[in-house]
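Peer 1: Once you've looked at the hints, dock chain B against the given chain A.
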Amino acid sequence: MENSTIISLKDIVVEFDGESVLRHINLDIRNHEFVTLLGPSGCGKTTTLRIIGGFVNPKSGDVFFDGKRINDLPPYKREVNTVFQKYALFPNLNVYENIAFGLRLKKVPDEEIRERVFEMLDLVNMRGYERRDVNLLSGGQQQRVAIARALINKPQVLLLDEPLGALDLKLRKEMQIELKKIQRETKITFIYVTHDQEEALTMSDTVIVMRDGEIQQIGTPIDIYNEPINAFVADFIGESNIIDGIMKKDYLVNFAGRDFDCVDFGFAENENVDVVIRPEDIKISEPEKGQIHGKVESIIFKGVHYEIVVIDTNGFNWKIHSTLYEEPGREVGLSVIPDDIHIMHKMAEEEK
Amino acid sequence: MTKSRYPAFPYIVFMAIFIVIPLIMVAYFAFTTNTGEFTIQNIIRVGDYVPVIIKSLFLAFVATVICLGLGYPFAYIMSRKTSNIRRTMFMLIMLPMWMNFLLRTYSWMTILENNGLLNRFLGIFGIGPFEMINTQGAVVLGMVYDYLPFMIVPLYTVMMKMDHSLVQAAQDLGADPFQVFTHVILPQTMQGIKTGITMVFVPSVSTFVISRMLGGGSELMVGDLIEMQFGSNNYNPNLGSAISLVLMIIVLICMSVMNQFDSDNIDKEGRIAI
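Chains A and B supply the protein sequences, listed in that same order.
Per this note's numbering, the first sequence starts with residue 4, numbered consecutively.
Per this note's numbering, the second sequence starts with residue 2, numbered consecutively.
Since the hints were made in silico from the structure, they are not lab data.
Please note that a few of the clues may not be correct.
Short, incomplete list of chain A residues facing chain B, as computed with Cβ under 8 Å [what the hints assert, rightly or not]:
#1 Phe-58
#2 Tyr-79
#3 Thr-85
#4 Lys-89
#5 Phe-93
#6 Phe-104
#7 Leu-108
#8 Tyr-328
Note that this is a predicted model, so its numbers are computed, not measured.
Note that the Cβ used here is the ideal one computed from N, Cα and C, for glycine as well.
Chain A on its own, in the form it takes in the complex (with noise of 0.2 Å):
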């Protein structure tokens, strides 16, 4: 039971006036999850939630729920409800009102009304505030109210999409600690829809990494992070960087002009692959001490640790990420151990 499928979109193609906005997408939800589509502005990430919620019908697909075919059902016959990005209030109503709405419409008895609608208040911290006229309410607390209302129907599954784009950094940080602990109180399905990949990182089990209407990769945030698929995923999670490479052989690979030993293989021989390496795999070195020569271009510090430049005896770019402080100009070996060099395939058209 704990894992089973409560949301399975089968093959959903979207097409907006001619233009193809999803492709093909294939996607279990497994129930009690909390799963973040994440990928940059326009890759359809947004689309694929309101397949979900009802609002978008795909042009070929089908979207299961519980097993059940649901692409001829409205929205309002759904068991999803929404957290909307400009979170949609009704200003006519106050915040009790607002959060009753789901429940008056069903004509549940007053009483009834009453005691949900301060559970949710609870769940969401916002007791005290039910009289208030939601027109006045801070962000954040017009999103609480957002989230309220959308949890009082008791749905299997919350759609939520880039509910903390309009906040503060403070926060939204507070905020994705507080639904994520609403999740794991509620143990409803949050499907989180966010362009900010650290929010991905830091509140998903599962996390489904878009682009161009496509599925790039789905894992757990580490697995995502650490073994990105391709050079897009790389560099849209965390900062990379990507080098052109030659796959010589299997655990070995040649870049910026040698041979790195690799945890890679199954590769062709001599295949062209992109090279991943994270910033802060790099470890900079004494000039004869390092695998690659290079100098100091810039150094940035960013709080916890420095951001550094440093360009190779063939002109690239290694960004670096080190807690010690380097002078720009100065000479310098980096090194990299073969478990943090990561080998990716060729994307087919680059544009990355």
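Peer 2: Relative to the frame of chain A, chain B by itself:
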């Protein structure tokens, strides 16, 4: 605060001269005889015309309801179209308004007459002729035709400003199409409905051109009555003012009843059930 008072000054003077003073004059005439002595005879005499006033209110009410029924869906459909189609539709609504009011009403006369266009057309099929001109129906038709744009424009304005994400939010929370209408679209367009009703009802109730031309002599309305006190040989501005005053008060009552009804609704929606 003090700075913003001065620019308003010319408008306050304007309103005093052209709105407040004439109103006081109407009231003065209504409560005086033609020699200038105080009397309430004029007001009492208005009582003789109660049936005319009731009929005027009734016809204006029917015309307003029809305008709302026609105008609301039209304004909604128009507001959902692309901007090019919207502009064209808006043009078509406004176009008749550029034609002279009398001319528009006259054209209905020629259409509705006993040997007018419509009866002759029906005659081809051996139907009729019908008695269409000089009926209450013709008067209502004239009101609807002349004042429909005044209903559509304010409705269209509020509908253009309406937040359609709220419609989706309501659907998402389980509202069927009817509930979406009553819970989201109606409250958001209430201001436009109120304005539209006022803009149609008030000129309809006091019109005298439409009732004269399409109602003939038989369908006398309160507007005709007032006009007769000033325009014909039994000149009686005191009685005319009295009727105007009574009509104004009745309209004010109608409008405040409507506003009351509306704020009641909002109150019910917004009330906390504890």
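Peer 1: Would the hint on Phe-58(A) stand, with a C-beta cut-off of 8 Å toward chain B?
Peer 2: Interface hint status for Phe-58(A): holds (6 Å vs cutoff 8 Å).
Peer 1: Answer holds if the nearest beta-carbon of chain B is closer than 8 Å to that of Tyr-79(A); otherwise answer violated.
Peer 2: The hint holds - Tyr-79(A) has a Cβ within 8 Å of chain B, the shortest such distance being about 5 Å.
Peer 1: Just to be careful: measuring from the Cβ of Leu-108(A) to every Cβ in chain B, is the smallest value less than 8 Å?
Peer 2: 5 Å, holds
Peer 1: Under the criterion of a CB-CB separation shorter than 8 Å, is Phe-93(A) in contact with chain B as hinted?
Peer 2: Holds - the Cβ of Phe-93(A) comes within 8 Å of chain B, reaching about 6 Å at its closest.
Peer 1: Does the nearest C-beta of chain B fall within a distance shorter than 8 Å of the C-beta of Phe-104(A)?
Peer 2: This hint holds: Phe-104(A) lies near chain B, its Cβ roughly 5 Å from the closest one there, short of 8 Å.
Peer 1: Would you check whether Tyr-328(A) satisfies its interface hint, that is, whether its CB is within less than 8 Å of any CB in chain B?
Peer 2: The hint is violated - Tyr-328(A) has no Cβ within 8 Å of chain B, the shortest such distance being about 50 Å.
Peer 1: With a cut-off of 8 Å, does the beta carbon of Lys-89(A) approach a beta carbon of chain B closely enough for the hint to hold?
Peer 2: This interface hint holds because 6 Å falls under the 8 Å limit.
Peer 1: Thr-85(A) was flagged as interface toward chain B. Is the shortest Cβ-Cβ separation under 8 Å?
Peer 2: 5 Å, holds
The structure is inconsistent with hint 8 alone, although it conforms to all the rest.
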